[in-house]
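Colleague: Letter by letter, the chains look like this.
There are 2 protein chains.
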Amino acid sequence: MRILIKTFKALSDPNRIRILKMLQVRPLCVCEITEVLNLAASTVSKHLSILRDAEFIIDEKEGKWVWYKLNDEENQFYANQLLPLLKNWLAENKNVVEDKHLVAKVDRKEICGT
Amino acid sequence: MRILIKTFKALSDPNRIRILKMLQVRPLCVCEITEVLNLAASTVSKHLSILRDAEFIIDEKEGKWVWYKLNDEENQFYANQLLPLLKNWLAENKNVVEDKHLVAKVDRKEICGT
DNA sequence: CCTTTATTTCGCCATATAACGAAACGTAAT
DNA sequence: ATTACGTTTCGTTATATGGCGAAATAAAGG
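Sequence order for the protein chains is D and L.
Under this note's numbering, the first residue of the first sequence carries the number 686, and numbering increases by one thereafter.
Under this note's numbering, the first residue of the second sequence carries the number 686, and numbering increases by one thereafter.
Honestly, the hints are just simulated from the structure, not real lab data.
It is possible that part of the hints are untrue.
Treat identical chains as interchangeable: a pair holds within one or across any two.
[Said to hold, decoys possible] With a Cα cut of at most 25 Å, we get these calculated SDA-like pairs of lysine to any residue:
#1 LYS691 <-> LYS779
#2 LYS746 <-> VAL782
#3 LYS694 <-> TRP774
#4 LYS779 <-> PHE762
#5 LYS691 <-> LEU708
#6 LYS785 <-> LEU689
#7 LYS779 <-> ASP738
#8 LYS694 <-> PRO769
#9 LYS790 <-> PHE762
#10 LYS794 <-> TRP774
#11 LYS694 <-> SER727
#12 LYS794 <-> GLN761
#13 LYS691 <-> LEU722
#14 LYS794 <-> ASP698
#15 LYS694 <-> LEU724
#16 LYS772 <-> GLU758
#17 LYS779 <-> LEU689
#18 LYS749 <-> GLN709
#19 LYS779 <-> ILE688
#20 LYS790 <-> MET686
Can you build the whole structure from these sequences, using the hints too?
Modeller: Printed below as a string of structure tokens:
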């Protein structure tokens, strides 16, 4: 029960949903997500830790960057069944469409890299 | 987006999940749910209004009682896809098993009716 | 009409959550 | 080493949430 509740709580915030929808396009580093959501880096980092804790996403370090991507493995349970539903949802949502568009065409180096 | 968030928030509380799992057995009136969860009636009423607002359940008045049941209609969207998932989840959970057992065998009149 | 019973609404309190900036941490480059 | 940059952690603040009891509402029965 505890884990199920944690799973639903992770999905109960619009910025976290936007992150998951963005990650449907491609893996992203924290600076990219921060730029798109227009939130403080610390806030985005917290959101990512909540999504990771609920097993919706996994991270991968590369130098000083951290890449986040959807957790498509089978090694989880609730997220494995909820992520496919989310794929079909909010396709028309204004924010989501804009976010995905940004994420698809922008080069990370222009946003945050050196 | 607003509706999706409301939907997930409705599922983000253990007592509301217990209510949905109990309603898988049969429709229940507020007094029965209150008895099983061992919460104040006002608290249960609030939980039910949140679940109803997210279209997981519907209510039906019968005299001074109000019956609640799962919303199995097709007239909603998110709940329609989430309720089947929930059916398969928590089947082994201790609280859920106890709740369902109580609900299956107890007569409403013994709990609250006159 | 007045009481009783089931439910909902309201006001209050304690805890949880999301936001921020500052500080800490880790890696890469100078 | 020192600096620079991306990320995380920490402390604070404002708002949201879940709990309760008291009061309000609605229906049934004397």
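Colleague: Decide, hint by hint, whether the structure agrees.
Modeller: Going down the list of hints, with the structure as the test:
1. LYS691 <-> LYS779: This pair counts as between: shortest inter-copy Cα distance 18 Å, intra-copy 27 Å.
2. LYS746 <-> VAL782: neither (28 Å within a copy, 42 Å between copies)
3. LYS694 <-> TRP774: both (18 Å within a copy, 16 Å between copies)
4. LYS779 <-> PHE762: So LYS779 and PHE762 pass the 25 Å test across copies only (19 Å; inside, 30 Å).
5. LYS691 <-> LEU708: Both, since 20 Å and 22 Å are each at most 25 Å.
6. LYS785 <-> LEU689: For LYS785 and LEU689, only the inter-copy Cα distance (18 Å) is at most 25 Å; the intra-copy one is 28 Å.
7. LYS779 <-> ASP738: between (28 Å within a copy, 24 Å between copies)
8. LYS694 <-> PRO769: The answer is both: 18 Å in one copy and 19 Å across copies each meet 25 Å.
9. LYS790 <-> PHE762: neither (32 Å within a copy, 31 Å between copies)
10. LYS794 <-> TRP774: Classified as neither; 30 Å inside a copy, 43 Å across copies.
11. LYS694 <-> SER727: both (19 Å within a copy, 23 Å between copies)
12. LYS794 <-> GLN761: So LYS794 and GLN761 fail the 25 Å test inside a copy (33 Å) and across (43 Å) alike.
13. LYS691 <-> LEU722: both (23 Å within a copy, 20 Å between copies)
14. LYS794 <-> ASP698: For LYS794 and ASP698, the Cα distance exceeds 25 Å both inside one copy (28 Å) and across copies (41 Å).
15. LYS694 <-> LEU724: Both ways: LYS694 and LEU724 sit 20 Å apart in one copy and 22 Å across, limit 25 Å.
16. LYS772 <-> GLU758: both (16 Å within a copy, 23 Å between copies)
17. LYS779 <-> LEU689: Result: close only across copies, 14 Å inter versus 29 Å intra.
18. LYS749 <-> GLN709: within (23 Å within a copy, 50 Å between copies)
19. LYS779 <-> ILE688: Classified as between: cross-chain Cα gap 14 Å, same-chain 31 Å, threshold 25 Å.
20. LYS790 <-> MET686: between (40 Å within a copy, 24 Å between copies)
In summary, the numbered hints that this structure violates are 2, 9, 10, 12, 14.
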